[in-house]
Amino acid sequence: MPRILILCTHNSARSQMAEGMARHFAARYGLEAEVHSAGTEKTRVKPEATAVMAEIGISLEGHTSKTLFDLPDPWSFDYVITVCDSAAENCPNYPARTHRLHYPFTDPSGGDLERWRAVRDRMLPQFEAFVRALVQGTPVPPSYDTVPLP
Numbered sequence: 073m074p075r076i077l078i079l080c081t082h083n084s085a086r087s088q089m090a091e092g093m094a095r096h097f098a099a100r101y102g103l104e105a106e107v108h109s110a111g112t113e114k115t116r117v118k119p120e121a122t123a124v125m126a127e128i129g130i131s132l133e134g135h136t137s138k139t140l141f142d143l144p145d146p147w148s149f150d151y152v153i154t155v156c157d158s159a160a161e162n163c164p165n166y167p168a169r170t171h172r173l174h175y176p177f178t179d180p181s182g183g184d185l186e187r188w189r190a191v192r193d194r195m196l197p198q199f200e201a202f203v204r205a206l207v208q209g210t211p212v213p214p215s216y217d218t219v220p221l222p
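One rule links them: number in the numbering used here = place in the sequence shown (from 1) + 72.
Below, simulated EDC-like cross-link-like pairs (lysine to aspartate or glutamate); rule was C-alpha separation at most 16 Å, straight line:
(1) 138 - 113
(2) 114 - 142
(3) 118 - 184
(4) 118 - 133
(5) 118 - 186
It should be emphasised that the hints constitute simulated quantities derived from the structure, not laboratory data.
Starting from the given sequences, assemble the full structure and let the hints guide the process.
Structure below.
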C-alpha cells in the first residue's frame, strides 16, 4: 500500500484539496493507499477549499491543518508531492528516500470562488492521472507546470 504525502506551505488550501482528490480517485480506482497532507506551517483549512470540493462531491469535513510532525511515521512516505513552490524549496530537506514530485498550482487564497474552482479544476486531472498510474503500475506523471491564472 503506497503512502502518499502532499505538501504545501500552510496546509490550508491546495494540499487539502489534493488530499481529498487523491483519496477520492484511490477509492474510485480501487487503490488501497494511505494519503496525508501537511504544511511547513500549521494554520487552518480555508472554508473556500471545503466549499469548492463539496461542489464536486468530495468532502473535506474533518480535515485539519497539520505539519509533517503531526503525521504518523512522517519519514516513510513512498511519494511526496509538493503543490507550491515554497514547499518544493524546503522538500530537498526531507531526509527519507522517496519519489518526489512537484505539481505547482496557483494559490487561490484571496480570490473569489471562481478562482478557487479554476484551481480545483486544474488539479483534478493531475491527481487522477497520478492515482491511475499507481493502479496501472505505469510511471507517475512527471512534475507538472501550470500556466498561472490571470
